[in-house]
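Enquirer: Chain by chain, the residues:
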Amino acid sequence: KNEVEQSPQNLTAQEEEFITINCSYSVGISALHWLQQHPGGGIVSLFMLSSGKKKHGRLIATINIQEKHSSLHITASHPRDSAVYICAVRLGGTSYGKLTFGQGTILTVHP
Amino acid sequence: GAVVSQHPSRVICKSGTSVKIECRSLDFQATTMFWYRQFPKQSLMLMATSNEGSKATYEQGVEKDKFLINHASLTLSTLTVTSAHPEDSSFYICSAPDGTSVREDTQYFGPGTRLTVL
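Heads up: the protein sequence lines correspond to chains A and B, in order. Numbered according to the working numbering, the first sequence spans residues 70 to 180. Numbered according to the working numbering, the second sequence spans residues 1262 to 1379.
No lab work stands behind these hints, which were simulated from the structure alone. Hints may be right or wrong, so weigh each one.
[Unchecked claim] Below, in silico cross-link-like pairs of lysine-lysine (PhoX-like), each with a Cα-Cα straight-line distance of 25 Å or less:
1) B:K1316 - B:K1281
2) A:K167 - B:K1281
3) B:K1316 - A:K167
4) A:K167 - B:K1302
5) B:K1327 - B:K1316
6) B:K1327 - A:K167
7) B:K1275 - A:K167
Next up, chain B with everything else stripped away, as it sits in the complex:
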């Protein structure tokens, strides 16, 4: 089946630094990818929709200057957490629907990236 990878799987950084997380679709093209964050014992919350070749669409309450999204190719989207603070510590997950599939709602999730900001 289709695979979505994320890198890194874990990252620990100091407060004030920026962290880049990559999301790749390995065997299909994804014109759209979704970025979520998940706090402990809570469900996923959609942060933004990443669109290849155009600006990302952010959900209400998500700072676009804090969470920079770039979807430079049909297989790669990146999320950069700028000037990270401890409250940004979370589990970040991406997903990609397989637009080439007849079943457009087929969703593939990345394994997630655990960010810890000290």
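The shape of chain A in the complex, shown without the other chains:
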């Protein structure tokens, strides 16, 4: 079993739909990242969380440390949101910056 599990693996939505991507991890962590990877391959860091909730534009990320679970929400989704979304954690006790990645969620938003 992977230390970081994402669901769903694939997600198709219609424009304007509310989207949720989930991430569960099995060990103690220091921080959790949500990353976005576009078809060209480049990766953008969306959020870094260690507790609570963060919001940036139409994106919201939450984390529940006790339940070892995080969610990424996209409100009013748009075709340009189509990408792979990756959850990554910094495991407790590891050197700073060293991340363990989930397998990614492929999001496709249709107009």
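Please build the complex by placing chain B on the supplied structure of chain A, with the hints as guidance.
Expert: Same frame as chain A, now just chain B:
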């Protein structure tokens, strides 16, 4: 925001040749950089941690003599794939945490290098 660049973005080489990939932090100093590889439809896998002024730390199963890492300055790390073979074809990505930031976990990723070995 901080930027990490990689060069080249794409490279095609013949089997048996060596390929060097550069990772640069453009507006911050990075004492540590990370190298990942990503196979099609798979997530990133950490290969090694590049440390400025000292030897790189390799993950289990990664051949250090095959993937040479040099972190010669606070803004540059290089990954050299030696005697490349078709199975080395992959997408290689580097990242650098901004150690000068209060938020040490701020990570900046390079755009990646797609290596194809014929």
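Enquirer: Hey, K1327 of chain B versus K167 of chain A, does the alpha-carbon distance stay inside 25 Å?
Expert: holds (22 Å)
Enquirer: Given the proposed pairing of K1316 of chain B with K167 of chain A, does the C-alpha separation stay at or below 25 Å?
Expert: Answer holds: K1316 of chain B to K167 of chain A is near 16 Å, not above 25 Å.
Enquirer: Holds or violated: are the alpha carbons of K1275 of chain B and K167 of chain A at most 25 Å from each other?
Expert: violated (32 Å)
Enquirer: With a cut-off of 25 Å on the C-alpha distance, tell me whether K167 of chain A and K1281 of chain B pass.
Expert: holds (23 Å)
Enquirer: Are K167 of chain A and K1302 of chain B close enough, with their CA atoms no more than 25 Å apart?
Expert: Holds, at about 22 Å.
Enquirer: Below or equal to 25 Å on CA atoms is what counts here, so check K1316 of chain B against K1281 of chain B.
Expert: It holds: about 17 Å lies between the C-alpha atoms, which stays within 25 Å.
Enquirer: Verify the proposed pairing of K1327 of chain B with K1316 of chain B, using a straight-line Cα cut of 25 Å.
Expert: holds (15 Å)
Comparing the model with each earlier hint shows a violation of hint 7 alone; every other hint is respected.
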